[in-house]
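*Asks:* In the order they appear, the protein sequences are chains R and X. Going by our numbering, the letters in the first sequence line up with residues 12 to 123, in that order. Going by our numbering, the letters in the second sequence line up with residues 13 to 127, in that order.
None of these hints come from the bench; they were simulated from the model. Hints are supplied without guarantee of correctness; some may be wrong.
Unchecked claim - Here are the simulated lysine-lysine pairs, DSSO-like style, with alpha carbons at most 27 Å apart:
1. Lys27/X <-> Lys70/X
2. Lys122/X <-> Lys54/X
3. Lys114/X <-> Lys70/X
4. Lys83/X <-> Lys122/X
5. Lys54/X <-> Lys25/R
6. Lys20/R <-> Lys54/X
7. Lys17/X <-> Lys122/X
8. Lys80/X <-> Lys122/X
9. Lys122/X <-> Lys20/R
10. Lys114/X <-> Lys20/R
11. Lys69/X <-> Lys27/X
12. Lys27/X <-> Lys54/X
Stated by the list, open to error - Partial selection, computed: residues in chain X whose CB lies under 8 Å from chain R:
13. Tyr44
14. Gly55
15. Pro56
16. Leu58
17. Phe101
18. Tyr110
19. Phe112
20. Phe115
21. Phe117
22. Gly120
Here a beta-carbon is modelled for each residue, glycine too, at the ideal position from N, C-alpha and C.
Chain by chain, the residues:
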Amino acid sequence: NAGVTQTPKFQVLKTGQSMTLQCAQDMNHEYMSWYRQDPGMGLRLIHYSVGAGITDQGEVPNGYNVSRSTTEDFPLRLLSAAPSQTSVYFCASSYGKGYEQYFGPGTRLTVT
Amino acid sequence: QQQVKQSPQSLIVQKGGISIINCAYENTAFDYFPWYQQFPGKGPALLIAIRPDVSEKKEGRFTISFNKSAKQFSLHIMDSQPGDSATYFCAASRGSLYNFNKFYFGSGTKLNVKP
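From just these sequences and the hints, can you work out the full model?
*Replies:* Spelled out as structure tokens, the structure:
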């Protein structure tokens, strides 16, 4: 099992550009989430999904879009990148009610 | 406004000593309190977790103490080792739409265990 994988590991964008962060899991988990990690802020939930076709917003959803067409994949789209979106992004998956989350290795994004 | 407050921000402990990290919360709807360990360049990994119906949970050298009336919980690492050097996050979760548990994380504590 690869667990939760994320690509790319690093990305630099210019303000206004769009991009998609990829996340995949091979554990057949129903629940998947996206978090951003900023210094002194911990992790904050951006969006989450409880199954294919079902998504909802977290604490900090503005500027991000998600969709989930398969159990395995949960991409995060930045519509028009802003410097405030410079962060490390983590994808996580979990089974059941989502108590134990398995995190991916993260994507470090810099927006200039 | 951060829903879970964590302290200290950083901690230096000698090998063999006890590391203590504290967290506090306000929302009484929280019903699950995990601690995550994160090494540089890696994602967080679940270390230990507790529910509010018990006051203490121990797994090996790691113990969570939970004080429901004070709305506080803490992580104790006994016999701290250099390999424990990492960033530790507390978190709290509650149920939400679709029966999904939304997690709220503390700001993290960077632990350095000196050999």
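*Asks:* Please verify that hint: Phe101/X, Cβ, nearest Cβ of chain R, below 8 Å or not.
*Replies:* Where the cut-off is 8 Å and the nearest Cβ of chain R is about 6 Å from Phe101/X, the hint holds.
*Asks:* Please verify whether Lys114/X and Lys70/X have alpha carbons no more than 27 Å apart.
*Replies:* 24 Å, holds
*Asks:* Does Phe115/X pass the interface check with chain R, least Cβ-Cβ distance below 8 Å?
*Replies:* Check passed: Cβ of Phe115/X comes within 7 Å of chain R, closer than 8 Å.
*Asks:* Taking the closest Cβ pair, is Phe117/X under 8 Å from chain R?
*Replies:* 4 Å, holds
*Asks:* Measuring from the C-beta of Gly120/X to each C-beta in chain R, is the shortest one below 8 Å?
*Replies:* 6 Å, holds
*Asks:* Hold the hint about Phe112/X up to the distance rule: shortest CB distance to chain R must be less than 8 Å.
*Replies:* With Cβ-Cβ at 5 Å, under 8 Å, it holds.
*Asks:* Given the hint that Lys69/X pairs with Lys27/X, test it: the Cα-Cα distance must not exceed 27 Å.
*Replies:* Holds: Lys69/X and Lys27/X sit about 23 Å apart, inside 27 Å.
*Asks:* Does Tyr110/X pass the interface hint, meaning its C-beta sits closer than 8 Å to a C-beta of chain R?
*Replies:* With a closest approach of 4 Å, the Tyr110/X hint holds.
*Asks:* Answer holds if the nearest beta-carbon of chain R is closer than 8 Å to that of Pro56/X; otherwise answer violated.
*Replies:* Holds. Min distance 5 Å.
*Asks:* Given the hinted pair Lys83/X and Lys122/X, is their alpha-carbon gap at most 27 Å?
*Replies:* With Cα atoms ~23 Å apart, Lys83/X and Lys122/X stay inside 27 Å; holds.
*Asks:* Taking only the CA atoms, is the gap from Lys27/X to Lys70/X under or equal to 27 Å?
*Replies:* 20 Å, holds
*Asks:* Using the nearest Cβ pair, does Gly55/X come within less than 8 Å of chain R?
*Replies:* 3 Å, holds
The structure meets every hint from the earlier list without exception.
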